[in-house]
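Asks: As you go down the protein sequences, you meet chains A and B in turn.
Counting from 1, one number per residue, gives the positions in the first sequence under our numbering.
Counting from 1, one number per residue, gives the positions in the second sequence under our numbering.
Keep in mind the hints are simulated off the structure, nothing from the lab.
Fair warning: there could be bad hints in the mix.
One copy or two, either will do: identical chains are not told apart, so a pair holds if it fits within one copy or between any two.
To be verified - With a Cα cut of at most 20 Å, we get these calculated PhoX-like pairs of lysine-lysine:
id : residue 1 : residue 2
1  : 171       : 198
2  : 198       : 118
3  : 127       : 68
4  : 300       : 72
5  : 70        : 305
6  : 286       : 270
7  : 118       : 94
8  : 305       : 224
9  : 127       : 94
10 : 250       : 48
11 : 274       : 346
12 : 72        : 283
13 : 250       : 64
14 : 286       : 167
15 : 312       : 171
16 : 224       : 274
17 : 224       : 343
18 : 64        : 300
19 : 127       : 167
20 : 312       : 70
Number of protein chains: 2
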Amino acid sequence: MLKGHGGNLSEMALRFNVSPCSVIDFSASVHSPLPRQRVRQWAAEAMKTVGNYPDPEYRRLSEKLAEKYKVKKTNVMPGNGSSELLYLALRAFKPKKVLIVMPSYADYADASRFAGAKVESFKLDEKDSFRLDCAKLSAKAEKFDAVILGNPNNPTGGLIKKAELLKMFSKNLSTLFILDEAFIDFLPESESVAGSLKPNLIILRSLTKFYGIPGLRFGFAVAKPSLIDKLARYREPWSVNCVAECFAIKICGDVVDEDAERAKVARDGKRFCKSLSAISSLKVFKPYANFILARIIGKKTTAPKLQTALIKKGFLIRDCSNFEGLGPAYFRMSVRRGVENAKIVKAIEELLG
Amino acid sequence: MLKGHGGNLSEMALRFNVSPCSVIDFSASVHSPLPRQRVRQWAAEAMKTVGNYPDPEYRRLSEKLAEKYKVKKTNVMPGNGSSELLYLALRAFKPKKVLIVMPSYADYADASRFAGAKVESFKLDEKDSFRLDCAKLSAKAEKFDAVILGNPNNPTGGLIKKAELLKMFSKNLSTLFILDEAFIDFLPESESVAGSLKPNLIILRSLTKFYGIPGLRFGFAVAKPSLIDKLARYREPWSVNCVAECFAIKICGDVVDEDAERAKVARDGKRFCKSLSAISSLKVFKPYANFILARIIGKKTTAPKLQTALIKKGFLIRDCSNFEGLGPAYFRMSVRRGVENAKIVKAIEELLG
Chain A
1 MLKGHGGNLS EMALRFNVSP CSVIDFSASV HSPLPRQRVR QWAAEAMKTV GNYPDPEYRR
61 LSEKLAEKYK VKKTNVMPGN GSSELLYLAL RAFKPKKVLI VMPSYADYAD ASRFAGAKVE
121 SFKLDEKDSF RLDCAKLSAK AEKFDAVILG NPNNPTGGLI KKAELLKMFS KNLSTLFILD
181 EAFIDFLPES ESVAGSLKPN LIILRSLTKF YGIPGLRFGF AVAKPSLIDK LARYREPWSV
241 NCVAECFAIK ICGDVVDEDA ERAKVARDGK RFCKSLSAIS SLKVFKPYAN FILARIIGKK
301 TTAPKLQTAL IKKGFLIRDC SNFEGLGPAY FRMSVRRGVE NAKIVKAIEE LLG
Chain B
1 MLKGHGGNLS EMALRFNVSP CSVIDFSASV HSPLPRQRVR QWAAEAMKTV GNYPDPEYRR
61 LSEKLAEKYK VKKTNVMPGN GSSELLYLAL RAFKPKKVLI VMPSYADYAD ASRFAGAKVE
121 SFKLDEKDSF RLDCAKLSAK AEKFDAVILG NPNNPTGGLI KKAELLKMFS KNLSTLFILD
181 EAFIDFLPES ESVAGSLKPN LIILRSLTKF YGIPGLRFGF AVAKPSLIDK LARYREPWSV
241 NCVAECFAIK ICGDVVDEDA ERAKVARDGK RFCKSLSAIS SLKVFKPYAN FILARIIGKK
301 TTAPKLQTAL IKKGFLIRDC SNFEGLGPAY FRMSVRRGVE NAKIVKAIEE LLG
């Protein structure tokens, strides 16, 4: 496991000797639409089941997921965060050569290497604002057993057009595509390819980002039944605990006005992006999810130094130095409430301006 | 993953068209000493942290475990049930040849095969009441990269003497021993080898059995730091969710009078065993944990048939036909409260007597 994921508020607070409560966490890209009262109520319900093992097949949960995402229950597999399913997919399919679109979530490469694969990077170029040239990737894909990519991609925030993705999948039927849609909930469901499954496609989705429950860990895979069956053979027993299971079932009941939440994040993100772009020593990349990647222009400071300076002002950002294909000039912030976003912009201005 | 673990009350209820609430579950070997009020209180506390990722290093949790089990924090690694750690250990150490003491928990073999190992069984003999001849195992061990065994062993319930185990570990230093102590909490802590770590020993422990929280999933590994470090390199991120993390920390605070609970289970188990042994068509094996293995004598019925008949009377037992080394005559029951144990004895008497 890589050291230095985002969202590690407790460690950072310890390192800089500040109280975690006094720090606003912009390092984890997590939205929080669930009212506290509801969370408490669901928790109480979930706790009634701690004395029993979860259903090893997660049948009710799979049915609910299928209903919500308009697929068949044989198309879904619940997991302990989408991370479990990423590692599981690589273990089950054992690709020898994996092509990974980078910069991206570091565990794509870790999971591939642990499964014995040779990893090659398909590098996104800052000159193209880290936009993916799908035709170019498609041309390279056939030489690989598997391709892993994120949409929207973390940490660059770019979005790939659905039609281009589907064309690529169809053109490379002997290559397995693992498409990480952990942040797709911040876009209309029509942007997801879950409704257009292919025999060589495994989609990873997450409920933790959009619904604000990263502590509970819950994700799921969407794929054709033959692929789901193969994952099931390699799955470890009871990996989703009863609280995550209960919350996921509840969330499938459409408890949140998703369109309104999406609109809110988009609006706040646009405003956040605009104010950040006004800082002359920052290059800001257009975000399609709930986080923004930025680069410090010039030699004045680095992302690690900015992180240290900001934590003393009560803000935690994600230093992106350890992403392959980025470097010490890059950092990522999640889109939070307007007031909080305005506060960090002011703090960054003071430090960089 | 094997189909047909114990503790799958919901599936069995569905299959036999009975309400899960009307069935007493003897199939999962789970004790429940935590008062409901306390569980509710902890749940409320845990829920305050769902919005943050768990600490990826689980530092506070590791410290608490180390304190409770009198080892160093570098000796422990928390996991999503001891199952996660079993699979992780085999993935990390990649033994080519694994010797497994059988009959035992089916995932020992599954986890070994998934990691690419060739599995051989070391068979326990019913003639010896399934007791392990440690000297014999020790003599065979050196030809294997790893040996997996449970103590007390599930489903036979046998206990191995600590001195014999330690002798075997010391004699076979080039063999990795994975010792599953998931049920050791039902015996005094002095029976565990956690205080006598060896460079070739990984101990798997669980909080779900003794503390009655199988739905939450929590286990931990105890080993020398070099082994723990290797496990850490292969570990998947955030596998223990915040509720399991919170409960494990609380449990480490010695919230239960463990001696009293152990004495209670031992007393109830002894009584249960005695009444079962009085049924002439049953052979009952002496239990050291909170479950009892029994064999149906003669051709009158089988464990699957007995299971079906019992579920209609409101009891779920674990049919042990699918354990390698057992067969359709064997079944397992957990030790529950005295009244419940008496009820199932009566029901079995009516069916077999």
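Asks: Could you run down the list of hints and mark each one as holding or not?
Replies: Against the structure, the hints come out as follows:
For the homomeric pair residue 171 and residue 198, the shortest alpha-carbon distance inside one copy (11 Å) is at most 20 Å, but the shortest distance between copies (54 Å) is not. For the homomeric pair residue 198 and residue 118, neither the shortest alpha-carbon distance inside one copy (24 Å) nor that between copies (34 Å) is at most 20 Å. Proximity of residue 127 and residue 68 under a CA criterion of 20 Å is satisfied in neither setting, with 39 Å inside one chain copy and 55 Å between copies. With identical chains, the CA atoms of residue 300 and residue 72 are never at most 20 Å apart, being 54 Å at best within one copy and 44 Å at best between copies.
Neither within a single protomer nor between protomers do residue 70 and residue 305 lie at most 20 Å apart by alpha-carbon distance, with minima of 46 Å and 40 Å respectively. For the identical chains of this complex, residue 286 and residue 270 are intra-copy neighbours only, at 9 Å inside a copy versus 69 Å across copies, given an alpha-carbon limit of 20 Å. For the homomeric pair residue 118 and residue 94, the shortest alpha-carbon distances inside one copy (11 Å) and between copies (18 Å) are both at most 20 Å. Taking the closest pair of Cα atoms, residue 305 and residue 224 never come within 20 Å of each other, the shortest separation being 46 Å inside a single copy and 37 Å across copies.
For a Cα distance limit of 20 Å, the shortest separation of residue 127 from residue 94 qualifies neither inside one copy, at 34 Å, nor across copies, at 43 Å. Taking CA atoms no more than 20 Å apart as the test, residue 250 paired with residue 48 passes in both settings, with 15 Å inside one copy and 18 Å between copies. Taking the shortest alpha-carbon separations for residue 274 and residue 346, only the intra-copy value of 13 Å comes in at or below 20 Å, while the best inter-copy value is 75 Å. Within a single copy, residue 72 and residue 283 get their C-alpha atoms no closer than 43 Å, and across copies no closer than 47 Å, so neither meets the 20 Å cut-off.
Taking the shortest alpha-carbon separations for residue 250 and residue 64, only the intra-copy value of 9 Å comes in at or below 20 Å, while the best inter-copy value is 33 Å. In this assembly of identical chains, residue 286 and residue 167 lie within 20 Å of each other by CA distance neither inside one copy nor across copies; the values are 25 Å within and 64 Å between. Within a single copy, residue 312 and residue 171 get their C-alpha atoms no closer than 51 Å, and across copies no closer than 55 Å, so neither meets the 20 Å cut-off. Taking identical chains as interchangeable, the C-alpha atoms of residue 224 and residue 274 are never at most 20 Å apart, the minima being 41 Å within one chain and 53 Å between chains.
Taking the shortest Cα distances, residue 224 and residue 343 never come within 20 Å of each other, neither inside one copy (46 Å) nor across copies (47 Å). For the homomeric pair residue 64 and residue 300, neither the shortest alpha-carbon distance inside one copy (52 Å) nor that between copies (43 Å) is at most 20 Å. Neither within a single protomer nor between protomers do residue 127 and residue 167 lie at most 20 Å apart by alpha-carbon distance, with minima of 25 Å and 64 Å respectively. Proximity of residue 312 to residue 70 under the C-alpha cut-off of 20 Å is found in neither arrangement, the shortest distances being 46 Å within a copy and 37 Å between copies.
The structure fails hints 2, 3, 4, 5, 8, 9, 12, 14, 15, 16, 17, 18, 19 and 20 (numbered hints given earlier, in ascending order).
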